[in-house]
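Visitor: Listed below, chain by chain, are the residues.
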Amino acid sequence: MATEFHNLQELRHSASLANKVFIQRDYSEGTVCKFHTKFPSELDSRIERTLFEDTVKTLNNFYAEAEKIGGQSYLEGCLACATAYLIFLCIETRYEKVLKKISRYIQEQNEKIYAPRGLLITDPVERGMRVIEISVYEDRGSSGSTSGSSSTTSSSGQ
Amino acid sequence: MPSGSKSGGAPGPTSPPHVTSPSRPLRPSRYVPVSAATAFLVGCTTLFFCFTCPWLSEQFSVAVPIYNGVMFLFVLANFCMATFMDPGIFPRAEEDEDKEDDFRAPLYKTVEIRGIQVRMKWCSTCRFYRPPRCSHCSVCDNCVEDFDHHCPWVNNCIGRRNYRYFFLFLLSLTAHIMGVFGFGLLFILYHTQQLDRVHSAVTMAVMCVAGLFFIPVAGLTGFHIVLVARGRTTNEQVTGKFRGGVNPFTNGCWRNVSHVLCSSQAPRYLGRKRKAQAVVVQPPFLRPQLSDAQLAAKVLDNGIQGDLHRSKSSLEMMESQSADAEPPPPPKPELRYPGLSRGPGSHSEESSLLNKAPPTPTMFKYRPTYSSPGKNHTALTHAYANQMSRGDSLKESSSSSLLQSSQQPGYRSEPSLDGREGGGGGERGVSDRPSGAPGGPPGPGIPGYSLGGRSYPSFSDPTVLSGVASRSSSVRSAHNAPPSEATTSTSYKSLANQTPPPPRNGSLSYDSLLTPSESPDFEPAGQEMSPGRTRTPVQGYSSPFLSAQIAQQREAELHQPSAPSASLLSSPHRAAYLRGSASSPPPGPERERLLQDPAQPTPPPHHHHHHHHHHHHHHHSSRPPRFSRPPLLSDSGPPPPAYPYRTRSTDTPLPPSTHPPRSPHPPPLGKSLSYSSAAAAEMQYRLVRKASASAGGGGIQAPKDEVQMKSYSRTNGQPRSPLSQSPSSSTPSSPSHPISLSTRPGQAYPSAASSQSPAHKPGGGVKKVTGVGGTTYEISV
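Keeping their order, the protein sequence lines are chains A and B.
Going by the working numbering, the first sequence runs without a break in its numbering and finishes at 158.
Going by the working numbering, the second sequence runs without a break in its numbering and finishes at 1781.
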C-alpha cells in the first residue's frame, strides 16, 4: 500500500531532467556578451521558436546595456577612483544592477513560459557567461517509485 | 616587516573560492615578489614622508605632501585591487556540459570574429572551449577571461576584471616614483651642504630605490599604454597572435582606451550567491502546436534559408490536399537539381554557417502535425542527415534527440530512413515493389519498405511509414516532386493523415535495415530512385549525398577486408546500441535480429562509428574505386590531407581505452545520449554499407549519372576545398568527421568532400541508396 501511494505521488510530480541544451556565445562581434539566437533543434518540440528567440534577444539586449560605455559607467569609474574604490563596498555597479535585472527576467521567463513546458533556463552568469543552459525535463509519468522522483530539481542546484 | 607579512601572510587573495579550484599547496616562493614589491612601495614612501616631506612642505607648500599622499593612496588602492580582485576566473564547466566533448571533441573549435577565424582551444582542466582571449593560467590553475598575464608582483592573474586596476597601478606608480625621485632631488639640491644628515642620507637612499625601479616600471607602463591603445593583451602580444595580422578585438584607439578605463566593472563568476531555483517544473508540459509550414521549415531547415521559401510555397499547395491525399504531381525536371542552381550562394551561406560556432547541436526534429495517441513522433533521420551534412557540432542535444526518438515506440531514426529508402525504391517502377502494402513487408525481401522513394528520410515516424505503405504510390510521386524539401514535406503531409500504425512499423524499419544489407534487395531500391533524386539534396544535402556515395563505394570495397576488424569493434557497440535504444519499447525481435546481423560488420557506435566510417573513406580514397567515377569526385578535394578523423584521433587525446568502457554502460542520461547518437551513426553506417553493397552489385554506370555526379561533385567540392583548407590550416586536429556525429563547424564538409571524391555511384538502373548523411539518392545502376 505504501508503495502504491508512493507511486501515485510519483505519478503526480515526476518530471526528471532529460537533457540539457546549451546555447553558446555568439562571438561574431567580438567579446561582447551575446548569445546565438538560433533555435536549437532539441527544443523543437518543446517550445515555440519565437518565444525562445525573444528570450535570447532580450538577454542579449540586457547584456549590451550592461556593457555599454557611457555616462553612468564613466561616472562610476571616476567616483571609484576618487574614493580609492571604497565606493564598491557601498553601491552596486551598473553591471551588477543589470545582472540582477537579468536574473529577475530569467526567473519570470521560467515561471511563465519555460517551466510549463518542462524547461528551465539557467542564468548564464552561473556558467561564466559562456552558455545559456536550458534544462529539458521529461514527464516520467507513472514511472513509479524508482528513479524518476526528482520533480523539481533545479538546474542551478546541480 | 609588517607590510611584508601582511602580503606574505595572505595566500588567499588569488585562490578562487569554493567549488571550482582545487586546493593548491602553499608555495612560499610565490609570495616573495609581491612581498618585496609591497615592502619597497610602502617602506620607501613612508621614509619619504617622514624625512623629506616635512622640509618640503615648509619650504614650498603643503600641497607637496598632499599631492604625494594622494598619489601614494592611489597607488596603494590600485595595487590592492590588482592583487586581491578576481581577474575573471571562469568556473569549471559542469559535467553535463562536456559529456561528448571530452572524448570526441577536436582540440580546437574555430569561430569567426568579425571575419577573422579565431581558434578556441579545449581546456581539459576547465572542461570547456576557452572563449576568445581566455587563457588558462598555470600558476593559478584557472581559465581567466581576457587573460593578460600573471603578474608576480601582485601575485595574481591580470584579466578582464582587474586589468584596469593593474594599468592604473602602473601609471600611478610611475607617477609616484617620478614624484618621489623629483622631490627627493629637490631636497638634496637644497641640502648639498648637509648631506651627512640622516634626512639627506635617507632621501638619497629613497632616490636610489626609486631610480632603480623607475626604469622597469616605466618600461612596463609604456608597453601597456601601447597595448591598451592597440586593444591587445600581453598574452596576445607576446605570443605574436596578431603579428602582421588583424586584431579582431580592437575598436580603435579611443574606444579601446575607454573600454579599459571607463567600462563598468565586470561581474565575478565565482563565489556568486546562487539563489535557489524557485520555479517548479511539473508535468503535464505544454507542447507547441506546429503548423505545417513550421514542419516543412523544420524539415528543410538545415540553415539554407532559400529552401524554406520554396518548400513553404509548395507546402501551402499541399496543405489543401491534406484531406484528400491526392498524389502530388511528378517532379519537374528543371527543379530537380536545386542544389546545382543555387550552388554558389548556398556554398557561401553554408561555409559561413560552418565557420560560425554552431550554438547548439542542431538535430532537427520533425514532428508530425497529426497527434498520434500519446506518442511523440520525432523524425530523426532527416535531421540527422542534415546535421551531419552541415557539419554542425553534434553534442548532447543531438544525442538527446536521438535518444528521444529511440525512446519512442518504434525507433524511428536511421532504420526507418533505410526503410523509407527501400520503400522508395519500389516506386521507381521496379516490378517487384509492392505498391500498396499496408505496412506489412511490402514485397519479396523488402520488408518495411512501405514508403515511397523518399529522398528525404525525415519521417521516421512509424505512422508515416504505415501511412506511406497504403499510399506508397502517392508518396513516391510526392517524392518525385522537385525540391527534396518540398517533396518530403509534401509526402509527409500526405501521410500525415494516415492513422498511426501499430508499433510494428518501428520494427519494420529494422526489417528494412536487415534486408537491404543483401545486395539483391538493393536493386529495386536503387531502381526506384530517379536520377533526379540524386540531385535533390540541395546545397546542404549534396555533401551527404556525395559522401554517401563515396561511403558506399568505400563500403563495398571495404566490406571484405575490414569486415573482421569492424565486427571486432562493432560487437560491444552493438550491444551498447541495443541497450541505448532498448529504452524505447522495442518493436520486437526484428530489431535485435537486424542489429545482430552477422552479414553486417556493424561499425562501432557514435564516434567509433564515425572513426571507422571515416577511415573507410579515407582508406578508399587512395584506392581506385570500383566503379569508374574517381576522376569526377577527385576534383572535389584531395582525400589524403583530409583525414580529419585520423588526425583528430592522433592529435586529440582520444584514448581508445576509454571508448569501450564507455559504450557498454547502461545509459544514464548523458551516456544514453551518446548511445543514441552512436546508434544513429551505426544505422547510417549500415545504410551506407547496404547502399554500397547494392551499388557494387550493379556495376553498370550510366553516363547520365556520371554527368550528374560530376556536377554535384563540382558544386560540392568547391566549397569544400576552401573549407577543408581553412580548418586544417588553423587546427591540425580539428577537422571533423564528415559523417560523424561530432560535427564541428566547418569540418564536416571538408571531410565530406574528401570522402566524396573517389566514390561514385555507377549504374544504368536506378538504385535508391541512403547516404551517410541520411540523404537518400538514386543511383543509376
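Hints are computed from structural coordinates only; laboratory data are not their basis.
Beta carbons: idealized from backbone N, C-alpha and C, even for Gly.
It is possible that part of the hints are untrue.
[Unchecked claim] Which residues of chain A face chain B? A partial, calculated answer using Cβ under 10 Å:
hint : residue
1    : 14
2    : 22
3    : 48
4    : 54
5    : 58
6    : 60
7    : 61
8    : 64
9    : 73
10   : 76
11   : 88
12   : 93
13   : 96
14   : 126
Visitor: Confirm or reject each hint.
Guide: To see whether the hints hold, each was checked on the structure:
1. 14: Interface hint status for residue 14 (chain A): holds (7 Å vs cutoff 10 Å).
2. 22: Nearest chain B Cβ about 6 Å off; hint holds.
3. 48: Cβ of residue 48 (chain A) sits 5 Å from chain B, so the hint holds.
4. 54: Since chain B brings no Cβ nearer than about 14 Å to residue 54 (chain A), farther than 10 Å, the hint is violated.
5. 58: violated (16 Å)
6. 60: violated (12 Å)
7. 61: Interface hint status for residue 61 (chain A): violated (16 Å vs cutoff 10 Å).
8. 64: violated (12 Å)
9. 73: holds (4 Å)
10. 76: Where the cut-off is 10 Å and the nearest Cβ of chain B is about 6 Å from residue 76 (chain A), the hint holds.
11. 88: Residue 88 (chain A) check passes; min Cβ-Cβ to chain B is 7 Å, inside 10 Å.
12. 93: holds (4 Å)
13. 96: holds (6 Å)
14. 126: Hint on residue 126 (chain A): holds, closest Cβ of chain B at ~6 Å, below 10 Å.
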